[in-house]
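A.B. asks: Residues per chain are reported as follows:
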Amino acid sequence: MSVVPVRLGPAETKLIEQLNAVGASAEAERLAAAGLPTRRVEAYHYTDLKQLLRAVPELAGDPLAGTDITVSPAAMAVAGAFRLAIANGRVQKHGTAPGGVIVGQAKGGVLTTRDDVVTRLNGALATEALTLEVEGSIEPVIQIDRRIEGAAAHSASAARIFVADGGSAVVLEVYSGSDEAHLSNHSTFLQVGRGATVTHITVNLMGAKATHFATNEYVLAEDANLRTLVINAGAQLSRTQLFPRYAGAGAMADVTGLNLVADGQHADITMDAQHAVPHTSSKPLFKSIARGRSKAVVQGRLVVARDAQKTDAKLMSQGLMLSDEAEILSKPELEIYADDVVCGHGSTCGRLDEDQLFYLVSRGIPKADAETMLVRAFLAELIDPIEDEALNEALTEVIEGWLARG
Amino acid sequence: MTTPMLEIRDLHVRIEEREILKGVNLVVPKGEVHAIMGRNGSGKSTLSYVLAGKEDYEVTSGEVLLDGENILEMEPSERAVAGLFLAFQYPIEIPGVATMTFLKAALNATRKAKDEGEISTPDFMRAVKEAGSALNIDADMLKRALNVGFSGGEKKRAEILQMALLKPKMCVLDETDSGLDIDALKVVSDGVNKLRSPERSMLVITHYQRLLNHIVPDVVHVFSDGRVVESGPKELALELEAKGYAGFDGEKAA
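Each protein sequence line maps, in turn, to chains C and D.
Residue numbering for the first sequence follows our numbering, starting at 1 and increasing by one per position.
Residue numbering for the second sequence follows our numbering, starting at 407 and increasing by one per position.
Possibly wrong hints are sitting among the right ones.
Said to hold, decoys possible - Capping the alpha-carbon separation at 20 Å, the derived lysine to aspartate or glutamate pairs in DMTMM-like fashion look like this: (1) K367/C x D462/D; (2) K460/D x D353/C; (3) K510/D x E371/C; (4) K549/D x D384/C; (5) K549/D x E387/C; (6) K367/C x E499/D; (7) K561/D x D546/D.
Hints are computed from structural coordinates only; laboratory data are not their basis.
Please model the entire structure based on the sequences and the hints provided.
C.D. replies: Put into structure tokens, the structure is as follows:
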């Protein structure tokens, strides 16, 4: 194989320097050889990192060592939640965990074996991971605040969550930080045990100058039941990667996501789901709302292994464009090796329905209110299934806040 | 002379390059029910949409006065709170919008225009229940998303429910009989008849005479090729049924 030399930009050079500084020389060499992915790499076709990632700030220091930040104001608050924090990549002290939850720390980043540059950077640069072991039914929402404080920084953080067989938990992760040009790279590994029921929600509320990467890997055991919701409402550039793996028969998941992008933002949700065994089901549903000059990307890939007969999977992506300059890009992919499955995908994109709008205003509802009603209606499918009332309310507040900024 | 509830003067309307309404003149006095009959494509539905303020239609000349006030420059929502109500031929389904949420928003918009405060939830529930029971609308139907999964009859009854709640001055009913069986037609007509009052006028648009057996009009207008070609008492509808629309086409230049 001939080696084509890659011209490295300042962001790549900085990343390589940082990888070398933490002793990850093998990763540094890989990056030097391949560079950041361009549009020619299928998985990054709409989010060309070589183009979009122009600068990488210094690796985050630990300005918060010894301070307890779990009581500092969060970007999002859920009444009654048990709160934990990871600041600048470091796991912070926390209050008393509810019974059934064991909080710990481990070395290193994600556990994934995915061959992906964002994931590998996280693995190499995250020095410690928050671990949660959950047994039984946990009532309070577990909220993990991932923050980047201080001057612009490159920060990698990781969490590993294990929900035992038959357990249930609701986990919320909120990404926020000071209003600087941070580069965050977060990962979560979540294992859902046999017959366990888990809701996992991540909300990106990073500042307008930030770049945000997140990788969520899910492993579902037999009869596991998972609902996920990714909300991208912050950062100039964001990419959230979802890697669910249906590893036990009867496992099912509603993997959902929402891109809310306004002028100057680019948000990407990319899912690559592996149905590995027979009798698993999933209903991935992604929505995007774009206004101003912005870009929302949804890529959804379902891979059904040869043995994964009776897989039932429906992938849907819907986009709502609120301006002429907005772009919504949607790419569903089905890769099916089994012959007895029910799999489908759909993708729609458009403006608010004129007939629906006219019907509402013809009843006296002012146009702006009618538009808000229709936007809420568009989002209801994602928010309504969140049963925890306080969490549902907090998420609604985030969305209403975004809508109000229009 | 008292101000008519609705007065349309020489209304010309086109969509793109095609003229649909070619000089409509029509007066509906307060408290009266007028019918407009005409064959498909004669411009009846266009007239109803233009009155309600739908975009896509270009008014090239003419006036529409609602209780003496020109409404053509108003937004659709402003026309509605001014007292105009269009019962749609095909009510629009809106998934994700709860029927009750919609009804409350519409009712509060109307109240706000009259400088009344927002309706309390118990008062609202009572008003909906009261108006609904007369129309055989049960709680289950109201729990669904707006018009979603409603049968043709349910949709039309829901339109009349909105009319009863919003108490408009001028009701325009566009083909309210379409898609209704005879029982549903009776329920809907009874609902409409209950709303007849000296302060309220109605314009009933239909191409069948049968609806007018139930909602008996004071005046019937025959619509052809974008204008009113004949007006007369309710017996005109029977004559029309007997002669067919062709018998009136020759009079359109009159």
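A.B. asks: Next pair to validate is K561/D with D546/D; report whether the Cα-Cα distance is within 20 Å.
C.D. replies: Given pair K561/D, D546/D holds - Cα atoms ~14 Å apart, limit 20 Å.
A.B. asks: Quickly compare the C-alpha distance for K510/D and E371/C to 20 Å and report which way the hint goes.
C.D. replies: holds, 16 Å
A.B. asks: Would you check the hint for K460/D and D353/C, treating anything up to 20 Å between C-alpha atoms as holding?
C.D. replies: Between K460/D and D353/C the Cα gap is close to 13 Å, so the pair holds against 20 Å.
A.B. asks: Starting from K549/D, check that the Cα of E387/C is at most 20 Å away, please.
C.D. replies: This hinted pair holds, its Cα atoms lying about 19 Å apart.
A.B. asks: Hey, K367/C versus D462/D, does the alpha-carbon distance stay inside 20 Å?
C.D. replies: Satisfied, since the Cα-Cα distance of roughly 16 Å is no more than 20 Å.
A.B. asks: Would the hint linking K549/D and D384/C be met if the CA-CA limit is 20 Å?
C.D. replies: holds, 15 Å
A.B. asks: So if I understand the rule, the pair passes when the alpha-carbon distance is 20 Å or less; does K367/C with E499/D pass?
C.D. replies: holds, 18 Å
Going down the numbered hints, you'll see the structure goes against none, and every one checks out.
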